[in-house]
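Colleague: Residues per chain, in single letters:
There are 2 protein chains.
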Amino acid sequence: MTLPRARRMDLVQPNAVGELLRMGADPAITSFAGGYPDATLFPLEQLHAVYDTAVREQGQSAMQYTVSDGSPKLRAQIAARMARHGVTCTADDVLMLQGSQQGLDLVAKLMIDPGDVVITESPTFVGVLIAFNPMQPRYAGVRLGPGGMDMDHLEEVLKKNPGAKLLYTIPDFQNPTGATMELAARKRLIALANKHNLVVVEDTAYREVRFAGEAPPMIKSLDTEGRVILLGSFSKILAPGLRLGWAIAAPELIQQLGLLKLAADTQCSTVNMAAASLFLERFDLDDHIGVLRQAYRRKKDLMLDTMRQHFPQEVRFTDPDGGLFTWATLPSSFNTEDFMRRRALSEAKVAYVPGASFFPDKLEHNHMRLNYSGQPDAKIVAGMTALGKLLKDELARKG
Amino acid sequence: MTLPRARRMDLVQPNAVGELLRMGADPAITSFAGGYPDATLFPLEQLHAVYDTAVREQGQSAMQYTVSDGSPKLRAQIAARMARHGVTCTADDVLMLQGSQQGLDLVAKLMIDPGDVVITESPTFVGVLIAFNPMQPRYAGVRLGPGGMDMDHLEEVLKKNPGAKLLYTIPDFQNPTGATMELAARKRLIALANKHNLVVVEDTAYREVRFAGEAPPMIKSLDTEGRVILLGSFSKILAPGLRLGWAIAAPELIQQLGLLKLAADTQCSTVNMAAASLFLERFDLDDHIGVLRQAYRRKKDLMLDTMRQHFPQEVRFTDPDGGLFTWATLPSSFNTEDFMRRRALSEAKVAYVPGASFFPDKLEHNHMRLNYSGQPDAKIVAGMTALGKLLKDELARKG
Chain A
1 MTLPRARRMD LVQPNAVGEL LRMGADPAIT SFAGGYPDAT LFPLEQLHAV
51 YDTAVREQGQ SAMQYTVSDG SPKLRAQIAA RMARHGVTCT ADDVLMLQGS
101 QQGLDLVAKL MIDPGDVVIT ESPTFVGVLI AFNPMQPRYA GVRLGPGGMD
151 MDHLEEVLKK NPGAKLLYTI PDFQNPTGAT MELAARKRLI ALANKHNLVV
201 VEDTAYREVR FAGEAPPMIK SLDTEGRVIL LGSFSKILAP GLRLGWAIAA
251 PELIQQLGLL KLAADTQCST VNMAAASLFL ERFDLDDHIG VLRQAYRRKK
301 DLMLDTMRQH FPQEVRFTDP DGGLFTWATL PSSFNTEDFM RRRALSEAKV
351 AYVPGASFFP DKLEHNHMRL NYSGQPDAKI VAGMTALGKL LKDELARKG
Chain B
1 MTLPRARRMD LVQPNAVGEL LRMGADPAIT SFAGGYPDAT LFPLEQLHAV
51 YDTAVREQGQ SAMQYTVSDG SPKLRAQIAA RMARHGVTCT ADDVLMLQGS
101 QQGLDLVAKL MIDPGDVVIT ESPTFVGVLI AFNPMQPRYA GVRLGPGGMD
151 MDHLEEVLKK NPGAKLLYTI PDFQNPTGAT MELAARKRLI ALANKHNLVV
201 VEDTAYREVR FAGEAPPMIK SLDTEGRVIL LGSFSKILAP GLRLGWAIAA
251 PELIQQLGLL KLAADTQCST VNMAAASLFL ERFDLDDHIG VLRQAYRRKK
301 DLMLDTMRQH FPQEVRFTDP DGGLFTWATL PSSFNTEDFM RRRALSEAKV
351 AYVPGASFFP DKLEHNHMRL NYSGQPDAKI VAGMTALGKL LKDELARKG
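Order-wise, the sequence lines are chains A and B. Just so we're aligned: 361 in this note's numbering is position 361 of the first sequence, and the numbers increase by one with no gaps anywhere. Just so we're aligned: 197 in this note's numbering is position 197 of the second sequence, and the numbers increase by one with no gaps anywhere.
FYI, nobody ran anything at the bench for these hints, they're computed from the structure. Accuracy of the hints is not assured; some may be wrong.
One copy or two, either will do: identical chains are not told apart, so a pair holds if it fits within one copy or between any two.
To be verified - Calculated cross-link-like contacts (lysine-lysine; reagent style DSS-like; alpha-carbon spacing at most 30 Å):
#1 Lys349 with Lys379
#2 Lys165 with Lys392
#3 Lys73 with Lys160
#4 Lys159 with Lys392
#5 Lys362 with Lys392
#6 Lys349 with Lys73
#7 Lys349 with Lys299
#8 Lys379 with Lys73
#9 Lys187 with Lys389
#10 Lys389 with Lys195
#11 Lys187 with Lys165
#12 Lys379 with Lys160
#13 Lys392 with Lys73
#14 Lys73 with Lys389
#15 Lys165 with Lys73
#16 Lys299 with Lys389
#17 Lys392 with Lys195
#18 Lys73 with Lys299
#19 Lys349 with Lys392
#20 Lys159 with Lys362
The task is simple: from the sequences and hints, build the whole structure.
Modeller: Next up, the structure:
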């Protein structure tokens, strides 16, 4: 007996990287693969206080259904926070999401017909690829430099793909590389989007986790034509367990995304929205973000210092001003997936994400993404020391 | 400036019913439109206790990311509860969902190519139509009788649509009619699904809200070929604010749905899964369901008694043994949408869901769905009295 086939089996086939990462879940392995925030920094006393109020005092509404777009009070609070990023909006422009990941799913359903060209940075966030794939786009990748997406290359890509209508970018502390798009590039991106009539998805998940320097304006703040869909999230600045993110967009787009949200899962958790709203009302989220910035900067420095000490000279890695990741690049013939399977898991007892999964075309195999926020200091030092020594041994054998 | 078009604007156009229902949100209106459980029955003391533990004692894990399929402990508890329905499964067969609505979205992405025929009861749950529409199926409706889906008609529909591969049913207290599928029909459904190689989605959202009689076995318990995807939910038996539902299916299907879940929104809320799991561990959910059954039976009787007293003789309505709704049928020329817009909202100050939205072809306009769980007793009596009198007046004018 064979059941009716899924539409496209390749959309829902477990992949080799997934298997590798499951091997990394072994407690004997120290995983630098995930994008986990440091759980010891969750503001649990404050979260306990707001859940206490939400369930005990507001339970009849907090445990009930609410409007599909999300709690109006929380949406107004998020809109107010946007003002500091130069984005003027009201609660009506905000749609609550089950994490910003859901925004990618809804955008795909709204915008992508099979074969449509979607432009992303290359490498880009794995989550956007898995969210968009069910709608069967083709991807056109744009090179990344230290100043973010390379705008000359974007112009070339747009010439080759005149029908492209959607562009996805993480302009701040890009996942996986940590690169941040400079102001000049943001302005040029908006000019190109206007000229080529693109809808731009600006994913700001890491924007507020900045260790150094000043943030350039949000791309959304430069958008005069209502073509930027901004995605944000509480996952990295408060707690991922809430599963709360948001989209901000022009009225027609946000209304369409809202109808797709209703169809996808009715609404976000009422009690979690009530708790987040109480948190913003009673406590200073910026104070908490200040704590995170200091802690993650220190962890980043610790990881990079250890890598500088123990990694082979041939390995380059980024030194980001924020976010959760560094991106390491090995000699071009090196295969990080093969190395992880053969040696890193068993000998260095560490996991990372092999870089190929971040490329839409999966063609570059000599990178790895390493997370510095999720592991305690001692494990960062021990893990990077062991990985560095093993990389030296591997490169010496090959050389 | 016109942005790039959405794929199919009709998928994301606000519809007339949505507008009507927003009018029903006016506090001067008593709405019988939603499917809200009675918020005064939420077990708030118990919920407060489990959130207290989840955040204060388990916060570092409850506020962190977890595995995409959902908390293994909660999945094991749900699997154990399934045994009473004759469904043998383990945690590995259970996928946690953002409400069972999300199961419909994931099934659509897994199974439906544009133009594929999907079989549903007619009328059926609006939520399945809006979840499936983005994948652009055609619908084939099967007539409903008091014993649920009409199996003779299903045979005809299958003959006319030999390529159909997906069937959606709510066998217990169907939304919107309240009909329950008899055992013989369940057996025949499985035989037909086996013969025609259908995947069957069995939506059990209302199954445990039963006032009278014995539940027939779940269709899933009769499934010998792994072709039934069971959807369940805590929304009607604990609290909708948690946004927790589940799918149970054969290994290949659940694995594929799990990959689509990861792509759609990463995971359900960790803290809500922790709270639900603690609730099942510490308290007796069946005791609570017993309270709901009594309360909803009483409210159902109150509504139907009032309707019998005040509604015109020409109006028929179902008297279900469970669930949240009665389905009223007016003379065939009556248009409930028009009547609501013109008179019911302004004169009787009540809202309901006009029946046309439940039909895939939107062709029947003489029904309304009325909810008896969400309003206090006095409003049920006042609302049904006013609606009945207004219906008498309207029918007298027409007659």
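Colleague: Which of the listed hints are broken here?
Modeller: 2, 3, 4, 9, 10, 12, 13, 14, 15, 17, 18
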